[in-house]
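A.B. asks: The primary structure of each chain is shown beneath.
2 protein chains.
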Amino acid sequence: MAVQLYCFGESGHSYKAALTLTLCGIDWAPVFVDFFNSETRSKEFRKLNVMGECPVLVEGSLVLSQSGAIQTWAADETGKLGGQTSAQAREVLRWLLWDNHKMSSLAGSQRFLLNFLHEEKRPQEVIRWQAGRLEAALGTLDAALQGREFLVGRDVTLADLACCSYLFYEEPFGFSRADWPAIDRWLDRIAGLRGWAHPYDMMPGSPADRA
Amino acid sequence: MAVQLYCFGESGHSYKAALTLTLCGIDWAPVFVDFFNSETRSKEFRKLNVMGECPVLVEGSLVLSQSGAIQTWAADETGKLGGQTSAQAREVLRWLLWDNHKMSSLAGSQRFLLNFLHEEKRPQEVIRWQAGRLEAALGTLDAALQGREFLVGRDVTLADLACCSYLFYEEPFGFSRADWPAIDRWLDRIAGLRGWAHPYDMMPGSPADRA
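Note that the protein sequences, when read in sequence, are chains A and B.
Numbering-wise (my numbering), the first sequence opens with residue 1 and increments by one.
Numbering-wise (my numbering), the second sequence opens with residue 212 and increments by one.
Honestly, the hints are just simulated from the structure, not real lab data.
Heads up, a few of these hints could be off.
Said to hold, decoys possible - Derived lysine to aspartate or glutamate pairs resembling EDC-like cross-links, with alpha carbons at most 20 Å apart:
{"id": "1", "chain 1": "B", "residue 1": "K332", "chain 2": "A", "residue 2": "E125"}
{"id": "2", "chain 1": "A", "residue 1": "K47", "chain 2": "B", "residue 2": "D353"}
{"id": "3", "chain 1": "A", "residue 1": "K80", "chain 2": "A", "residue 2": "D155"}
{"id": "4", "chain 1": "B", "residue 1": "K254", "chain 2": "A", "residue 2": "E135"}
{"id": "5", "chain 1": "A", "residue 1": "K43", "chain 2": "A", "residue 2": "D27"}
Unchecked claim - Chain B regions said to be covered by chain A (calculated; three or more residues, Cβ under 8 Å):
{"id": "6", "region": "277-287"}
{"id": "7", "region": "299-309"}
{"id": "8", "region": "333-345"}
{"id": "9", "region": "350-359"}
{"id": "10", "region": "385-396"}
Computed from a predicted structure; not experimentally measured.
Ideal Cβ positions, reconstructed from N, Cα and C, are used throughout, including at glycine.
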């Protein structure tokens, strides 16, 4: 049976898992989660994941949440994308953690506030505050990519597939590829990998499909 | 030569690494970083860590940042605290990632805004917004600890040492042990471990030492 991934198209965290499963060559199928109607907050969903978040991977008796844990599982299963050496594996983990703390967390939150909340409900001070922090994170990422093809070693790894996730969405959240040349070229490189697809194509069933 | 940990007492992220090194029985020494005078933003420090953050571990030619990566390194080196099985190791990683995304990141930021920023500079809307998110994270943690001694398996792991870190500080940031009985008992259990010490005792040199 194929791996199931509980996810939805707007979730960059889900996209990190979806893209990793695909590029590892793992057979998987999306299970649409109705986030915008509070499915992740339901008791039923909390039984699957006490953290109340997407993505969740299910394969037989294995139930695993947290995009970075799913990514690491896929790399361990296939020997792909986890880095070539133990030193590279440590670097990969370092970027996964940074991404969760400073990059995707902020990008995801900012994109939510600016696109999926009614305009009159948007907390303007929070948006300004997050904008500054997101700018700093993008600066760190762009600096790390100067003169490099990918974040760790010479090949694409989980680190790239984590940090890039929210940057492929078109909805505005304060990121413009033109402002960050090293990030811009790196995103082209990732989008050129065999099997790459846009999050909304990889994880169908969202309101965005009907837009 | 002992492992060096670039850190400062107020940093719960540093404390996760410091506590893990100690409980793994690794010989280490703190190197004080003057965060409050912008040392982590200096060019010199960015050479050590492109992410511009504490903690950073240095052991010979190994330079490693991100508390969760340092914790994982210490567990790999010593065979301690990483979980008893590969399934437990996956659960440990899952909680490390959750902590970085939802727990320590918020607790650290909220504690900074409420204690280390001048009162007139505090962004009240951000503080209210973060308070709601921190409450949700504490709810998730408390629920996960219901009827359990530790987060993963039967023994203390890196997961506990990550999620607990900011909860040992006395400065107010919206967390009261009395409100969360399962967390309260779990913190007592961690503080009772041989080698446990408070962050300000483990990482001296901060303004807090002179208070």
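A.B. asks: Check each numbered hint against the structure and report the violated ones by number, ascending.
C.D. replies: Going through the list in order, the structure violates hints 5 and 10 and respects the others.
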